[in-house]
Amino acid sequence: MDKSLPASTGPASRGPRVRYILVIILAALLALPPMVNDYQLFVANTMLVYCLVAVGLNMVLGYLGQLAFASAAFFGIGAYVAGLSMVHLGLGSLPAILAAAVCGGLAGALVGLPALRVRGYYLAIITLAFGELMRWLYVHADGVTFGSGGFNMPGIALFGSELSGTGKYYLFLAVVVIGVGASALLLHSRYGRAFVAVRNNEAAADSLGIAVNRTKIIAFAWSGLITALAGALYAILNGRVSPDTFGISQMLMHFVIVMIGGLGSLAGSVIGAVLLTGLPELLRNFPGLEEIVFSLLLIVVLFFMPKGVGGFLSSRLPWMRERLYREGRGNA
Amino acid sequence: MLEVHHLTVRFSGLTAVDDLSFSVQRGEVFTLMGPNGAGKTTAFNAIGGFIPATQGSVAFKGKPISGLRPAQIAALGIRRTFQNNGILREMSVLENVLTGLELDTPSSFWGCVTGWPASTRAERNATARARAMLDKMGIADLAERPAGDLSFGQQRLVEIARAMVAGAELIMLDEPAVGLSPGDRLHLGQSLRELAAEGVAILLVEHVQDLVMAVSDQVLVLNYGKKIAQCSPEEVRNNKDVLEVYLGHA
Chain X
1 MDKSLPASTG
11 PASRGPRVRY
21 ILVIILAALL
31 ALPPMVNDYQ
41 LFVANTMLVY
51 CLVAVGLNMV
61 LGYLGQLAFA
71 SAAFFGIGAY
81 VAGLSMVHLG
91 LGSLPAILAA
101 AVCGGLAGAL
111 VGLPALRVRG
121 YYLAIITLAF
131 GELMRWLYVH
141 ADGVTFGSGG
151 FNMPGIALFG
161 SELSGTGKYY
171 LFLAVVVIGV
181 GASALLLHSR
191 YGRAFVAVRN
201 NEAAADSLGI
211 AVNRTKIIAF
221 AWSGLITALA
231 GALYAILNGR
241 VSPDTFGISQ
251 MLMHFVIVMI
261 GGLGSLAGSV
271 IGAVLLTGLP
281 ELLRNFPGLE
291 EIVFSLLLIV
301 VLFFMPKGVG
311 GFLSSRLPWM
321 RERLYREGRG
331 NA
Chain Z
333 MLEVHHLTVR
343 FSGLTAVDDL
353 SFSVQRGEVF
363 TLMGPNGAGK
373 TTAFNAIGGF
383 IPATQGSVAF
393 KGKPISGLRP
403 AQIAALGIRR
413 TFQNNGILRE
423 MSVLENVLTG
433 LELDTPSSFW
443 GCVTGWPAST
453 RAERNATARA
463 RAMLDKMGIA
473 DLAERPAGDL
483 SFGQQRLVEI
493 ARAMVAGAEL
503 IMLDEPAVGL
513 SPGDRLHLGQ
523 SLRELAAEGV
533 AILLVEHVQD
543 LVMAVSDQVL
553 VLNYGKKIAQ
563 CSPEEVRNNK
573 DVLEVYLGHA
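Quick note, the sequences are listed as chains X and Z, same order.
Just so you know, we're using the numbering used here here: the first sequence kicks off at 1 and counts up by one.
Just so you know, we're using the numbering used here here: the second sequence kicks off at 333 and counts up by one.
Simulated from the structure, these hints should not be mistaken for lab results.
The beta carbon of each residue, even a glycine, is placed where N, CA and C say it ideally should be.
It is possible that part of the hints are untrue.
[To be verified] Now the stretches of chain Z that chain X is said to cover, found in silico as 3 or more residues with beta-carbon under 8 Å:
| id | region |
| --- | --- |
| 1 | 382 to 388 |
| 2 | 435 to 445 |
| 3 | 534 to 548 |
[Stated by the list, open to error] Sample of chain X residues at the chain Z side, in silico, Cβ under 10 Å:
| id | residue |
| --- | --- |
| 4 | R190 |
| 5 | I210 |
| 6 | V309 |
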């Protein structure tokens with residue numbers, strides 16, 4: 001047997017180092033609020049929201065390998081369900097966030113149905129159409145959704161007391177840690193392996209007893225759940241929900257975050273979200289240059305790091321290689 | 333254990349498998365041989381549920397499996413490998429073998445996303461079983477390597493390990509020796525005989541004569557989809573119909 005290639009330093013050898021780094025990052029995030037002003041805290045909250053978005057979209061686009069663009073629709077569903085359940089039903093913040101997650105999961109399972117029959121560009125068009133259909137619904141079901149003008153969110157309270165900016169930050173941090181952590185656990189289980197097996201070779205997956213259709217539905221449902229959670233947090237953060245927020249430009253933002261971060265990379269999802277939400281804020285100090293610098297940066301990153309920042313780091317730092325990594329690109 | 337009765341597969345006007353019947357017993361290595369285009373892989377795919385049979389039936393342990401989906405057939409205890417490499421290239425070798433334990437890993441969805449101890453335990457047990465199988469196949473040191481980075485021969489071994497790990501009762505191997513070095517072929521042959529000794533039935537499609545002769549209990553030779561011989565490896569060497577097919581003269 002050819003043993004000339006070295007055994008990789010894969011997941012078995014990376015565990016403790018990754019755990020230390022995660023603990024340090026978490027400690028830094030917990031210590032953040034006293035060190036930043038309200039605006040910076042708002043930006044940090046936005047980063048947290050988009051971390052969830054990127055993880056949710058990557059579940060389908062990166063891990064399952066399906067060219068599906070319903071992420072903005074799930075995001076909107078989360079925002080509307082959370083907001084409307086608070087406005088109309090008087091739900092508290094946590095039950096409203098949970099309701100958003102459940103509805104997002106159901107919407108994800110529904111959107112996953114076409115993926116059982118079509119793929120590639122056809123699936124992309126169907127999922128984009130679903131997003132536009134949802135926007136039409138937000139505008140025209142104005143008796144419930146308040147139409148094209150949208151609505152303001154009620155005050156956000158937790159256990160009887162209204163949340164300050166710092167309180168919201170800790171709520172967001174908890175939801176994101178749970179959402180990303182649960183996604184990591186899912187990906188490292190037989191379900192995550194099934195996602196990648198379906199992406200790699202459906203016939204082989206089928207022959208191993210992996211129920212391909214069920215696997216696709218599960219991935220879409222989890223993607224919907226996680227992205228809707230992000231939508232609920234987005235509504236809480238901005239205090240306002242309106243249909244124009246959840247269109248094609250929102251979808252494009254999600255897609256760029258995942259492509260820059262790296263398809264099929266959890267760490268890349270988080271890095272992409274932080275970069276794409278943080279950089280525009282940094283560039284705000286250079287009026288006129290903002291769009292140019294941002295666009296050039298995207299081109300440079302994608303040119304020199306075709307697997308995204310997550311893939312680039314994995315190739316340079318073997319201990320960062322994730323268990324279910326994505327070898328190629330563009331074969332979603 | 334596996335009963336194939338009058339299996340016929342037609343594609344438009346072409347009869348790829350013509351009235352094929354045979355049975356494979358527990359602990360037996362049964363080989364399908366034949367020149368290219370003889371219908372071996374088509375018969376394999378029809379038995380495994382990947383293509384529908386035009387006529388005939390297939391039964392496993394007395395139960396009909398014709399018309400079942402591949403995943404349903406796998407759940408009954410039948411595993412297979414693919415002629416054109418069914419490796420999951422973007423997974424590590426260990427993850428590839430773990431996918432073979434999909435049906436044997438009793439971890440629920442919510443157990444997995446919450447890190448529930450029973451699910452974590454099930455995952456840990458599955459990993460231990462996968463590592464033991466890699467060890468048995470002599471490729472334990474490749475466990476963390478991306479499967480797509482391996483040589484073709486190594487990938488075949490990973491695929492075979494994946495098929496064997498779940499303790500299947502029938503394993504169908506489609507040309508497993510392609511790309512293997514003579515040493516690896518020998519090792520593969522030993523592994524197949526060990527499996528058969530444990531009671532596993534093995535259905536093999538193979539061209540490599542030394543492997544076929546070393547491991548097979550029975551050999552069935554196909555030509556143009558039809559059975560032309562079914563006998564022991566020793567007999568097949570001297571069968572005039574077989575010699576005619578392979579050498580052009582008896």
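If you count the residues of the region 382 to 388 of chain Z with a beta-carbon closer than 8 Å to a beta-carbon of chain X, do you get 3 or more? violated (count 1)
Identify whether the interface hint at V309 (chain X) stands, where standing means a beta carbon of chain Z within less than 10 Å of its own. Constraint on V309 (chain X) not satisfied, violated at 19 Å.
Hey, does the R190 (chain X) contact hint survive, CB to chain Z under 10 Å? holds, 5 Å
Go check the region 534 to 548 of chain Z versus chain X for me, would you? Three or more residues, Cβ under 8 Å, otherwise it fails. That given contact is violated, which follows from only 0 residues of the region 534 to 548 of chain Z lying within Cβ reach (below 8 Å) of chain X.
8 Å C-beta criterion, at least three residues: is the region 435 to 445 of chain Z covered by chain X: holds (count 6)
When the nearest CB of chain Z is found for I210 (chain X), is that gap smaller than 10 Å? Holds, about 5 Å.
In terms of the numbered hints stated before, the structure departs from hints 1, 3 and 6, listed from lowest to highest.
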